[in-house]
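Those letters in the sequence shown? Residues 1 to 461, per full-length UniProt numbering, in order.
I should point out that these hints are in silico values taken from the structure, not numbers from a laboratory.
A hint or two may mislead.
Unchecked claim - For lysine to any residue, the following SDA-like pairs were computed, each having C-alpha atoms within a straight-line distance of at most 25 Å:
| # | residue 1 | residue 2 |
| --- | --- | --- |
| 1 | Lys325 | Arg276 |
| 2 | Lys320 | Thr344 |
| 3 | Lys343 | Pro394 |
| 4 | Lys343 | Ala362 |
| 5 | Lys260 | Pro394 |
| 6 | Lys343 | Asp296 |
| 7 | Lys260 | Arg241 |
| 8 | Lys325 | Ala294 |
| 9 | Lys390 | Thr459 |
| 10 | Lys343 | Asp355 |
| 11 | Lys343 | Gly359 |
| 12 | Lys320 | Gly308 |
| 13 | Lys260 | Glu418 |
| 14 | Lys390 | Val245 |
| 15 | Lys325 | Gly340 |
| 16 | Lys320 | Ala367 |
| 17 | Lys325 | Asp275 |
| 18 | Lys325 | Asn272 |
| 19 | Lys390 | Ala454 |
| 20 | Lys320 | Arg304 |
| 21 | Lys260 | Glu385 |
| 22 | Lys260 | Thr459 |
Claimed, not checked - Cβ-Cβ distance ranges computed for the label pairs, FRET-style:
| # | residue 1 | residue 2 | range |
| --- | --- | --- | --- |
| 23 | Glu151 | Arg241 | 24 to 34 Å |
| 24 | Ala297 | Asp387 | 37 to 47 Å |
| 25 | Arg219 | Pro243 | 17 to 27 Å |
| 26 | Arg276 | Pro149 | 48 to 58 Å |
| 27 | Gly152 | Arg274 | 45 to 55 Å |
| 28 | Ser317 | Pro289 | 20 to 30 Å |
| 29 | Gln244 | Asp329 | 19 to 29 Å |
Virtual Cβ for every residue (Gly too), placed ideally from N, Cα, C.
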Amino acid sequence: GGSRSAAGGVTPSCGSGRARGGRCGMRPERPAVPAAAAHVAWRCRRHPPRLPLRGTGGGSPAPRLKRRRSAAGGRALVGAAVAAVLLLAGGFPGGQIDAGTDAPALAAVPAAAAAVGVPQPRPPPTVQGAQLETFQVNGLTMRVALAGPEEGPLVLLIHGWPDLWYGWRFQLPALAAAGYRVAAPDMRGFGGTDAPADASEYILPRIEEDVLGLLRAIRRDSCVLVGHDFGAKAVFGLGMRNPQVFPALVSVAVPYLGHKSTVSILEEWFGNPRDRDSNFSYILSHQLPEVAAAYDADVRECLRTIHGTIPGGDVDSPPKVVSEKQWVDGQPATMLERVGRPKTLPSWLTEEDLDYYAGEYARRGFAGSLNWYRALDLSYNATRELDGEKIQQPLLVLLGDADPSISMLFNGIEGVAEGTRALCTGAVEVEVVQGAGHWLHQEAAEAVNRRLLAFLESTRP
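All chains should be built: construct the whole structure from the sequences, respecting the hints.
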């Protein structure tokens, strides 16, 4: 089903605690937030419409949006961009293997790359028991981290944005130690996997072909799907289209909201992002080609801000932009300009981690990963058969109680649970991790791993 070549192992162990300082699974001092301003929207020109949840008889309205005073003193509307996010939707006993040189990823970079200034891949930090391999899948070279006994039940981990296979560094060894075979690919557009230039190559049917092709390559016909952020949205669609292949589903940080036309809805709220009078939405801003170049201009600082901003955390400098508008001084102002630079990294993200992320994004660039956003409505239109459909499989939704996308919407956790169950015919479990934010699988890895393993055991054939 596919060819592969082994790289050096990727050997931070974290079953019950991370080797570097024992940080894994400890409650963070302050919860982290994804993409910082991704969860803070500026006031709309019009009031956002209420969004009924499918399967509820049109009854459950979207929650009221709340206003907060920004650090700059301006009034910001908190909740609309949070709704935009939701509309998107770990010791292995085999021992440690040194990371080596990540040879397969090198093969995906043109030989002349160094001559034209393209950064070369750097070895990843060690992740106990995991190994990086490459596969030829669906016309792409795909990099995948694999861990655990080959005969174990398969769990496939799908990362979100801006992330990599490495976002699952705490889950890989923990699941492997429990006897599961674990695969964490770089999805198309990210890291060591090819990045087609056209946004139409990122619609759900293409992602589906990648995932099914990967299963064939590793000689499997089914697996449990686990997704975070954008990966959770993919999990929902893949699960509904292939219920026999994916008999159980797990979503991290994103509850299921039904099959919706995300960009079209947001444009009703904020305006067309190409319109100079439109208001800011980070999802809509990602439709603009200028944004990838802005992120590429300082990759490490971009990722430091997105991964490292925590609510109430100290900043080195205030936001550069406080305007509600998408366009400022004739240029689209990105979400990075709308928040301060975090003074320190959160406890679960080290400088070594950040260096690896930055190296991968520096050589790949942001354009491919942003195509996941640009394909949102293309994907919706290609999968209209899912309109009104419900999830049939057992579903586990893991949420952090400090994630603004939960605390601001759906009357909190109770509303999320009620709305999600209304859109599913199978058993639904909604679990809350105390003190964790959007990156809860990293912030509170021990708690997440414990709950994930319990769900896997309960749904194991």
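- Those earlier numbered hints the structure runs against, lowest number first: Of the numbered hints given earlier, those the structure breaks are 3, 22, 29, listed in rising order.
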